[in-house]
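Peer 1: So the protein lines, in turn, are chains R and G.
The opening residue of the first sequence carries number 17 in the numbering used here; numbering runs sequentially from there.
The opening residue of the second sequence carries number 254 in the numbering used here; numbering runs sequentially from there.
Hint data in this document are derived by calculation from the structure and do not stem from the laboratory.
Accuracy of the hints is not assured; some may be wrong.
Quick partial rundown of chain R residues pointing at chain G, CB under 7 Å, derived from the structure [claimed, not checked]:
| id | residue |
| --- | --- |
| 1 | Y34 |
| 2 | E44 |
| 3 | L48 |
| 4 | S55 |
It should be emphasised that the depicted structure is a prediction, and the values quoted were computed from it without experimental measurement.
Glycine residues also receive a C-beta, built at the ideal position from the N, C-alpha and C atoms.
If you want the building blocks of each chain, they are given just below.
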Amino acid sequence: MPTLEPQIRHFIVENFLYGEESADLTPEASFLENGIIDSTGVLELVTYVEKTFKIKIRDEEIVPENLDSIRRLAAFIQSKLATPAAH
Amino acid sequence: MCGVAGILESKGSSADRDALRTMIDLVQHRGPDESGIYAHGPVGLAHARLSIIDLATGQQPMHNADRSLTITFNGEIFNYIELRKSLESRGHRFATTSDTEVILHAYEDKGPDCVRDFNGQWSFAIWDEGKQELFISRDRLGVRPLFYRMHEGTFLFASEMKSILSYPGVPRTLDLKALDQILTFWFCLPPRTIFEGIQELPPGHSMKVSQGEVHLQRYWQPSYPTHFAPMNEEHCAQHLLELLVDATRLRLRADVPVGAYLSGGLDSSVTTALIKNFTTTPLKTFSVVFDVPEFDERTSQDEMVRHLDTRHQHIECSTSDIGRIFPDVVWHTEKPIIRTAPSPLYMLSQLVRENGYKVVLTGEGADEILGGYDIFKEAKVRRFWGQSPRSRLRPLLLAKLYPYMGNLQKQTPAYLQAFFHVSPADLSSPFFSHLPRWKLTAKSKLFYSAQTRAALNGYDPCEELLAMLPAEFSKWQPLCQAQYLETSFLLPGYILSSQGDRMAMSHGIEGRFPFLDHRVVDFAATIPPRLKMKGMNEKYILKKAIGDRVPDSIRRRPKQPYRAPDSASVLPTNGSEPPYVSELLSEKHLDQTGIFNSRSVTELVRKSRSGQAIGVKDNMAVIGILSTQLVNEQFITHFGRLGTHAHA
Numbered sequence: 017m018p019t020l021e022p023q024i025r026h027f028i029v030e031n032f033l034y035g036e037e038s039a040d041l042t043p044e045a046s047f048l049e050n051g052i053i054d055s056t057g058v059l060e061l062v063t064y065v066e067k068t069f070k071i072k073i074r075d076e077e078i079v080p081e082n083l084d085s086i087r088r089l090a091a092f093i094q095s096k097l098a099t100p101a102a103h
Numbered sequence: 254m255c256g257v258a259g260i261l262e263s264k265g266s267s268a269d270r271d272a273l274r275t276m277i278d279l280v281q282h283r284g285p286d287e288s289g290i291y292a293h294g295p296v297g298l299a300h301a302r303l304s305i306i307d308l309a310t311g312q313q314p315m316h317n318a319d320r321s322l323t324i325t326f327n328g329e330i331f332n333y334i335e336l337r338k339s340l341e342s343r344g345h346r347f348a349t350t351s352d353t354e355v356i357l358h359a360y361e362d363k364g365p366d367c368v369r370d371f372n373g374q375w376s377f378a379i380w381d382e383g384k385q386e387l388f389i390s391r392d393r394l395g396v397r398p399l400f401y402r403m404h405e406g407t408f409l410f411a412s413e414m415k416s417i418l419s420y421p422g423v424p425r426t427l428d429l430k431a432l433d434q435i436l437t438f439w440f441c442l443p444p445r446t447i448f449e450g451i452q453e454l455p456p457g458h459s460m461k462v463s464q465g466e467v468h469l470q471r472y473w474q475p476s477y478p479t480h481f482a483p484m485n486e487e488h489c490a491q492h493l494l495e496l497l498v499d500a501t502r503l504r505l506r507a508d509v510p511v512g513a514y515l516s517g518g519l520d521s522s523v524t525t526a527l528i529k530n531f532t533t534t535p536l537k538t539f540s541v542v543f544d545v546p547e548f549d550e551r552t553s554q555d556e557m558v559r560h561l562d563t564r565h566q567h568i569e570c571s572t573s574d575i576g577r578i579f580p581d582v583v584w585h586t587e588k589p590i591i592r593t594a595p596s597p598l599y600m601l602s603q604l605v606r607e608n609g610y611k612v613v614l615t616g617e618g619a620d621e622i623l624g625g626y627d628i629f630k631e632a633k634v635r636r637f638w639g640q641s642p643r644s645r646l647r648p649l650l651l652a653k654l655y656p657y658m659g660n661l662q663k664q665t666p667a668y669l670q671a672f673f674h675v676s677p678a679d680l681s682s683p684f685f686s687h688l689p690r691w692k693l694t695a696k697s698k699l700f701y702s703a704q705t706r707a708a709l710n711g712y713d714p715c716e717e718l719l720a721m722l723p724a725e726f727s728k729w730q731p732l733c734q735a736q737y738l739e740t741s742f743l744l745p746g747y748i749l750s751s752q753g754d755r756m757a758m759s760h761g762i763e764g765r766f767p768f769l770d771h772r773v774v775d776f777a778a779t780i781p782p783r784l785k786m787k788g789m790n791e792k793y794i795l796k797k798a799i800g801d802r803v804p805d806s807i808r809r810r811p812k813q814p815y816r817a818p819d820s821a822s823v824l825p826t827n828g829s830e831p832p833y834v835s836e837l838l839s840e841k842h843l844d845q846t847g848i849f850n851s852r853s854v855t856e857l858v859r860k861s862r863s864g865q866a867i868g869v870k871d872n873m874a875v876i877g878i879l880s881t882q883l884v885n886e887q888f889i890t891h892f893g894r895l896g897t898h899a900h901a
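Using the sequences and the hints given, assemble the complete structure.
Peer 2: Shown next, in the form of C-alpha cells:
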C-alpha cells in the first residue's frame, strides 16, 4: 500500500498552516508540541480522516499515540484500513 | 467624564491653537456638552466636557484664584466632598462646587503627592505657570486614558491617540513590537502603544514635563503579602461588604441620573444589588442580549431584574451588527483587538445615551481582585496536576474547566491531558498561569509576512514583560502572581480600555467601577487566596459577602465569560460580509499593508467563509488580522473614520 504521508501532510499544511510550508513539519513532528493543532484541530482531524478514508474512529482511539504526527496518523489509518470491521 | 488634549512647546514658540482645536474636536464624543481651550505662550490646554458634576460652573480648562495653575481634567474624584472640607479647614476658598477645583486646591496644598489622597478615576494635566511645568497624572488602575509624545520639541498629550496623530507633521507608523505584544498578551506593555513614538502614561503614574524633558513617577501599584495573616472568614466578608457599599455610595455622586449595566453574571449583579440595597438612588439597568444562544445571558438578566425590581432595557446585538459596526469600534479602540467583544458594548453605550443617561456603574475589576477568572482556576488545576504528574485522578479535574467551550468538552481524556500538559520548566515560570493563553494567542503570528518576521528579528515580548515585574513578584503566591498580571496589564490594556472607556465614551457614557475603589483593591490583595478561590469555587468571599442579596441561582451559576461571535460576524457563511471586510482582506490590500502573508490569510478567509474556522485560534487570527488592517487603514493610510460615521 502506498504511504499516506504526503496526503496527510497536504491536509495539515492547508488547514492548520494555511499553506505555509514549515521545515519543522517532519513526519515525526508532534502536532501538539509544535502547536499545530488545538482542541478544535483534533476534532477537524478526526472528521477529515473519517470522511476521507471512510473509517470510524472510536473515542478510545483518539489518543496522541495514534494521531499526533504525520507518521503516526498514516500508520494508524493504514492499520484501520487493513481491518475490515473498521470500514 | 471628558476628553482632554494639550500642547507644551519647549523651543520658544507659542502653542498652536488651531492644531489644539483639531485635537480636541477629535475626542468630542467623550465630551459633547461643552468645549474649552486655554492657550497662553508655550502652553495650550483643551477640554471637551461631559457635564456630570457642577453643571453650572464646572467649565474647563479651569484656573485657580491667582491663575497660576490651569487644569484640564478627565474623570471623577469621588471623595471630593471630604477633600474639600479638609482643604477648607486649612484655609482654601472655593469658587465652584466641582471636583475639578478640588484637584487644583489639593495640588496647591500638597503638590504631586495630592493624588495619593484621591479616590477616583482620572487623567488630568495642570499647567504650573510659576514653575513653567506641566504636571500630569493618571489614576491607579488605569480607568481613564492618557497618551503623549514628544515631537521635535513639542510635547503633545490627549485622552486618545487620534488627537496626537492629527498634529501637523507627527509621523504615523505602526509599531510592530506593539502588534507582536497584542498578538501574544492581548495588550501592549505600557508605555508602548501601537503607534510608534506615542506613549501611554502607565496606570498609577504621574509625570512632570518641562523644558522638553519628561519625568515619570509611580505612586501606586498592586502588591500582595508574601505571607498571609490568618483572617476570619466572617469578618473578611463583612469588611469587604462595607468597603463595597461605601465604594458604591461614593460612585453614585453625580448631578445627573446614574444607571447600571446588568450582564447576568455575578459581578454586575452585586454592583446592582448594592445600589438597590444600600442607597435610595432610583435605578435603571441596561444590558445587551445576543441572537446566538451560546453568548446570550438574558435569562439571568431577567432573573436579576425581577429580583431587584429595576427598570430595565436591553439591546439586541446580532452577529451581523458586530460586523457592521466593527470599523467604528476599531476607530475607538485605536489598536488591534483579537476579539469582537467590545462591539456589543459599543451598542450598549449607545442605548444608554439614547435613554438620557451619562453615567453607569458596572462590575469590572471583581474578577481580577477577587480571583474570578477561569485562567486562575486553570492554573490551579494544572499546578496541582503538575506537582504529581503520574496521578491518574488529578487530571480528571481538567474536565471541570471551561464548561461553556463545546470543542474542549468533546475531547477525549487523553487529549485533554495533552492540551493542558505541564512541563517542569512551566512550573517554575513566572508566567505559569498565562502561558497556555499566550501560546494560543501567538498562533496568529503564523500569518506574519516575511517582511514582518524580518523586522521583528526574533523579538520575544515575554522578555520585555519579565523585566517589568516587581522584585517581590517571585515571593508571591501563584494566585497573586496571576492576579498581578491581570490587574496590572490586561485590566488597563484591554478590559478598561478597549472594552471599557473607549466603548462607553464613544457615546459619551462614563463607567464607574465600585470594585476598583483603591480601598477595595488594597483590601482584596490582603485576602488569603484560599478565601478567594475555595477549591474550585471562584470569588468565594464575594459570594459570601453579598449573601442572598443576589439570588442563589446567580451565585451558584458556573462562570460565563463575556464573549461575542467573532469570525462569523465579519465572514459569514451566507456571503453577506460587509464590503470593507472583502476589501481589507483582499490579497491586494494585504500586500499593500505588508504586515501579513496574503496567501496564508486568503486560506484562513476561505476556511472562515466556509464555516470551518470554528476554533479559538482561527477566530482570534481573523479578528486580529482584520482589526490590524482597520487600524492601518483608518490611522495610517487614510487618517479618518471608515465606519458608519465616516467623515473626511
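Peer 1: Now look at each hint and say whether the structure bears it out.
Peer 2: Each hint tested on the structure:
no., hint, verdict
1, Y34, "holds, 4 Å"
2, E44, "violated, 16 Å"
3, L48, "holds, 5 Å"
4, S55, "holds, 5 Å"
Of the numbered hints given earlier, the model fails hint 2 alone.
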